[in-house]
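Chains as they are written, first to last, in full-length UniProt numbering: chain B, 1 to 376; chain U, 1 to 376.
It should be emphasised that the hints constitute simulated quantities derived from the structure, not laboratory data. Check the hints yourself; a few may be wrong.
Given that identical chains are not distinguished, each listed pair holds provided it fits within a single copy or across any two copies.
DSS-like cross-link-like pairs, simulated, lysine-lysine; straight-line CA separation at most 30 Å [claimed, not checked]: (1) Lys-99 to Lys-75; (2) Lys-2 to Lys-99; (3) Lys-96 to Lys-75; (4) Lys-2 to Lys-96; (5) Lys-256 to Lys-162; (6) Lys-96 to Lys-161.
Number of protein chains: 2
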Amino acid sequence: MKFLHTSDWHLGRQFHNVSLLDDQNAVLQQITDYLQQHPVDALVIAGDIYDRSVPPTAAIELMNHFVEQVCGELKLPIILIPGNHDGAERLGFASKQMKESGLHIISNFRDMVTPIVLDSDIGPVAFYGMPYNDPELVRHHFKQSVSTHDEAHQHLCEEIKKSFEDGTKNVLISHCFVDGAIESESERPLSIGGSDRVSHEHFVDFDYVALGHLHQPQKKGEEHIRYSGSLMKYSFSEQHQKKGMTLVELDEGGFKSATHIDLKAPHQMRIIEGELDEILSQGKTDPNSEDYLLVRLMDKHAILNPMDKLRVVYPNVLHLEKPGMLIGTEQEMAVAKLARSEADMFRDFFLEAQDAKLSEEQDKAITDIIKQLSQQ
Amino acid sequence: MKFLHTSDWHLGRQFHNVSLLDDQNAVLQQITDYLQQHPVDALVIAGDIYDRSVPPTAAIELMNHFVEQVCGELKLPIILIPGNHDGAERLGFASKQMKESGLHIISNFRDMVTPIVLDSDIGPVAFYGMPYNDPELVRHHFKQSVSTHDEAHQHLCEEIKKSFEDGTKNVLISHCFVDGAIESESERPLSIGGSDRVSHEHFVDFDYVALGHLHQPQKKGEEHIRYSGSLMKYSFSEQHQKKGMTLVELDEGGFKSATHIDLKAPHQMRIIEGELDEILSQGKTDPNSEDYLLVRLMDKHAILNPMDKLRVVYPNVLHLEKPGMLIGTEQEMAVAKLARSEADMFRDFFLEAQDAKLSEEQDKAITDIIKQLSQQ
Chain B
1 MKFLHTSDWH LGRQFHNVSL LDDQNAVLQQ ITDYLQQHPV DALVIAGDIY
51 DRSVPPTAAI ELMNHFVEQV CGELKLPIIL IPGNHDGAER LGFASKQMKE
101 SGLHIISNFR DMVTPIVLDS DIGPVAFYGM PYNDPELVRH HFKQSVSTHD
151 EAHQHLCEEI KKSFEDGTKN VLISHCFVDG AIESESERPL SIGGSDRVSH
201 EHFVDFDYVA LGHLHQPQKK GEEHIRYSGS LMKYSFSEQH QKKGMTLVEL
251 DEGGFKSATH IDLKAPHQMR IIEGELDEIL SQGKTDPNSE DYLLVRLMDK
301 HAILNPMDKL RVVYPNVLHL EKPGMLIGTE QEMAVAKLAR SEADMFRDFF
351 LEAQDAKLSE EQDKAITDII KQLSQQ
Chain U
1 MKFLHTSDWH LGRQFHNVSL LDDQNAVLQQ ITDYLQQHPV DALVIAGDIY
51 DRSVPPTAAI ELMNHFVEQV CGELKLPIIL IPGNHDGAER LGFASKQMKE
101 SGLHIISNFR DMVTPIVLDS DIGPVAFYGM PYNDPELVRH HFKQSVSTHD
151 EAHQHLCEEI KKSFEDGTKN VLISHCFVDG AIESESERPL SIGGSDRVSH
201 EHFVDFDYVA LGHLHQPQKK GEEHIRYSGS LMKYSFSEQH QKKGMTLVEL
251 DEGGFKSATH IDLKAPHQMR IIEGELDEIL SQGKTDPNSE DYLLVRLMDK
301 HAILNPMDKL RVVYPNVLHL EKPGMLIGTE QEMAVAKLAR SEADMFRDFF
351 LEAQDAKLSE EQDKAITDII KQLSQQ
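Just chain B, with the same shape it has in the complex (with noise of 0.2 Å):
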């Protein structure tokens, strides 16, 4: 018994205003494709399909005709829940309706304590989902006194064990924040602090653990308790990340294998480092020179209008940082440049103000101040 897990699509993403929504496009279609050729008996999205509750309109369209190949061409079930970036009840409109159809949609405590049941040829396999949730949530429909994420996660994982049932194999799909695991820029913070770690203990029963929010693949605790990690590269943290889903295998005896598939969009996310002429030289034989690109330039002179000049190699550079400027002495030169600089300005200003010179005293006192508020 063979499944996909997914996660994090964040459709309708935008990234240092550019839309994402064409490299989205690609990787969805890679999905189809390896679907087509790999038939599996399921396939899972473990959160954040859309970037926000209330999703732009082309990324609705985008979704459908995803869902239309998958569960209309294909005929194969799709099974997902929400996210902290989706809005759930939107989600979850008609998911009644739809049921019939292979596409399930677990967006409240209710759907989440009867499962998805799947036969197979290692016999029926339950899909819990646990829809994106938080204490409050849980506190207010269990009537259950529990105040952190932990506590909630806890609960709700034994709420859903009052419904396994024997010679059934149960999967769980979860979004949340599992202990120890590494995290990226582009994961919106679901709590200040810690409050928001779930221990992955409360999994363990389950043959297999399909986790969403974390943008890196990763195990936690055991081999069956998994992120696959996001569809694509959403922060230029997330550079050196390997995207793609996980292929789950389960047998008669549980978790068999997770394997890692690779999926690529068209530009990847990276960081560049150099001088402006070293990066403007590479960059016209670059094969990958439409990647969506962080520049960090290293030359310790100022250049005009390097963003200009960069993009004529580079057209998709995205963000310019300029770290050369700011290196050992220069850094001190600057400092005592931008000084001078800004003293000079007060000397300006209190001419015009006062009509008269600073003294040798008042220059000395403002030059003092403006030199210690630098070194702050």
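With chain B held as given, fit chain U onto it using these hints.
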């Protein structure tokens, strides 16, 4: 063969900053109660399900609940189209996946030409949904040179008629402004002028045409071309309109009858006219004192805090007009009073700005100008 025709629900609408959701919920409950007691073959909703393309979450939940009751529990098909207030792509998400459960959302031209065919005691009945559209959409999609709503609808009807089959009755669902119909204040204008008007003649070949957009129940041109009217009153101009839905009966010969079924919102919208004392006294025994009211105070003298006084007996006064202050000689006096006061203000201003009084000539000039402006 019987079906219910309704339209213009506008779920999620606010009226003078009051949410109508509880009223809408109550009226939808009347519909499900009716359907439970009087089984029909289908429920048709001719557009404007929601009040805007991105409806509030609570409106989506209300619609979801209704759909679960009707499609889920009563096993009755719902056939609906988006109106000009709805977002067609948003409403149409996963519509293919809902069809098997009996929820048919026809949100694009591709689906328009494939009818939903219901088997009935009089043989097959084909329901065609024409999603709300404008000439530009039709021009773009069908590569037709249409420039008015009338031409667009003519073309769409021709496209649909190509799918007509012998021995099948044909029902059209459309959201448009059929010529000569009576308008209310709460319909969002489709366009300025008359270019939004559609002739009823394009529709005569259908056995029934279920129209939406106009809020007053009415037939257009023929007995079988009808507006059901809106779910409830959505403006004070609709105070005398009878709200409800239309029970349509077809037989072997096609259209047989259309019957108005009353729906009654818990709060009516109405206008009360009179002097404050009268209104306060009648309010004490008014059994419908909770209605949503526009009050026209006919008193000819100023009243301190009339809204507070009215709301003691009529808690839902939403709008107040004081035409009594501007009747007959009173009106002239008010203008004169205002003119004196404005001239006084100008004299103050002139004194302050010029440090001098207006000369007699200047005073006359400014007074004349103010008088002239007041009379415009």
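Hint numbers not upheld by this structure, sorted from lowest to highest: Structure breaks no hint.
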